[in-house]
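Chains as they are written, first to last, in full-length UniProt numbering: chain A, 1 to 133; chain B, 1 to 290.
These aren't lab readings, by the way, just hints derived from the structure by calculation. All of these numbers come straight from a predicted model, not from anything done at the bench. Warning: the hint list may mix true and false statements.
[As the list claims (entries may be wrong)] Here are the computed distance ranges between Cβ atoms for each label pair:
id, chain 1, residue 1, chain 2, residue 2, range
1, A, D92, B, S252, 51 to 61 Å
2, B, E281, A, D92, 57 to 67 Å
3, B, I269, A, D115, 52 to 62 Å
4, B, G133, A, D92, 45 to 55 Å
5, B, S253, A, K28, 27 to 37 Å
[Said to hold, decoys possible] Straight-line distance between alpha carbons at most 30 Å, and here's what the computed BS3-like set of lysine-lysine pairs gives:
id, chain 1, residue 1, chain 2, residue 2
6, B, K187, A, K88
7, A, K108, B, K187
8, B, K282, B, K268
9, B, K187, B, K175
10, B, K247, A, K108
11, B, K251, A, K108
12, A, K88, A, K28
13, B, K247, B, K187
14, A, K70, A, K58
15, A, K11, B, K251
16, B, K282, A, K58
17, B, K187, B, K282
18, B, K247, B, K268
[What the hints assert, rightly or not] Covered stretches of chain A (in silico footprint by chain B; criterion: 3 or more residues with CB under 8 Å from a CB of chain B, positions within the stretch not fixed):
id, segment
19, 31-39
20, 82-92
21, 106-117
Built from N, CA and C at the ideal position, the CB exists for glycine as well.
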Amino acid sequence: MEFQSCVNINKEWDIVGARQIGRDFARKIGFGTVDQARIATAISELARNIYLYAGTGKICFETIEEIDHKGICIIAIDNGPGIAEISKVMEDGYSTSGGLGAGLPGVKRLMDDFDIVSEQEKGTEIRAVKWVR
Amino acid sequence: MDRKLKELVVENSDTIVHMWLEEVSKSRQTDYTSTISDELFESTNREFVNVIFASVEKQGITTELDDFSERLVNLGWPLSYLTDGLQAFRRVTIDFILSELDQVDSNYFSQVLQAVDKWVDPIINQLVNEYSGSWEHIVSLQRVALQELSAPLIPVMENITVMPLIGTIDTERAKLIMENLLDGVIKHNAEVVLIDITGVPVVDTMVAHHIIQAAEAVRLIGSTCILVGIRPEIAQTIVNLGIDLGKFPTKSSLRKGFQSALELTNRKIVSTKSNHDDDIEKLVDSLDRE
């Protein structure tokens, strides 16, 4: 599968890079400032999860064009340990690292569509879509 | 063998230089150096090739090479110009040596390659080291400069301190913010401290978590923390993320935050110009009415 652009996440500063590229991407597609902030925050959460839990991975961006609307798809891929209980991480306030536990459920609320596939010891792939209104 | 080759190359340096210049100019049209003026490009080329020959003749690193690389680093010439140039030099020199000979066996050929490599490689190493050393130096200086800027604390008034935050907050910086905040509160004896996040581009759960922790720590040492500079889009993302910032007061702008800080310390801003003119007008008005 080919993506329009990808950012590798290896260091903490790569999160900032991913965020900036994502924001530019969103601006080009035609999102307003509030949605740009939402998208940048969602990318920040996903990238930080990769950095914290998987170590390395990548964030990819795609433009989705359909007949009547456009959108951005953020894909976060890693080969980390995977998530044991997906239903639990989607609960507010659940965190294994002492954080706020608002990351993934927060991303789900920030974006329009949210899809997570995770296999233990194999990795995780998260796709989140936001449509231009 | 090596010496013989060296003599051959040095004696025919004019031809090699000519070939080299042609080779370098050929690749010039498309690349990074197209913005550099022709004169500068040519004079640098001349100097570069002289430095290469000086180094080949003297076998090793020369002061000319040191000076030259130092100047190019300072001028900000791209490193790829130098590596491309040296690769071109390797190509032309080998071509030249081989064309001078009538017959070439593979043994001789590999000897030529080795000899030329022995001249060129030390120069490449030296230049790359020089460049990367200067970059590392710049990066470390910038890191120090950034750290100095990362968590400033301004005592604007007795008992009121402001911490303006600009730019991305990472774990390292979050730690510094916490330390500086607590130290500053104690040092300046602050009752109220305002954290201004107008310049923070993205507030995600990590940043929010650190701010909440900092505010909680400030509360523990007996002061109040007010979070100011929350832009509308940031407010919306915080709500979407479901972050609870209800434990401490928040304001949209530094001005509003400062006002409530004054209220908390039982003060207010009073205009020094007296309102006598208004009073007299009112008096006149009331007289008119009667």
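Next on the checklist: Tell me the hint numbers this structure goes against, listed in increasing order.
Outcome noted: 1, 6, 7, 12, 15, 16, 17, 20
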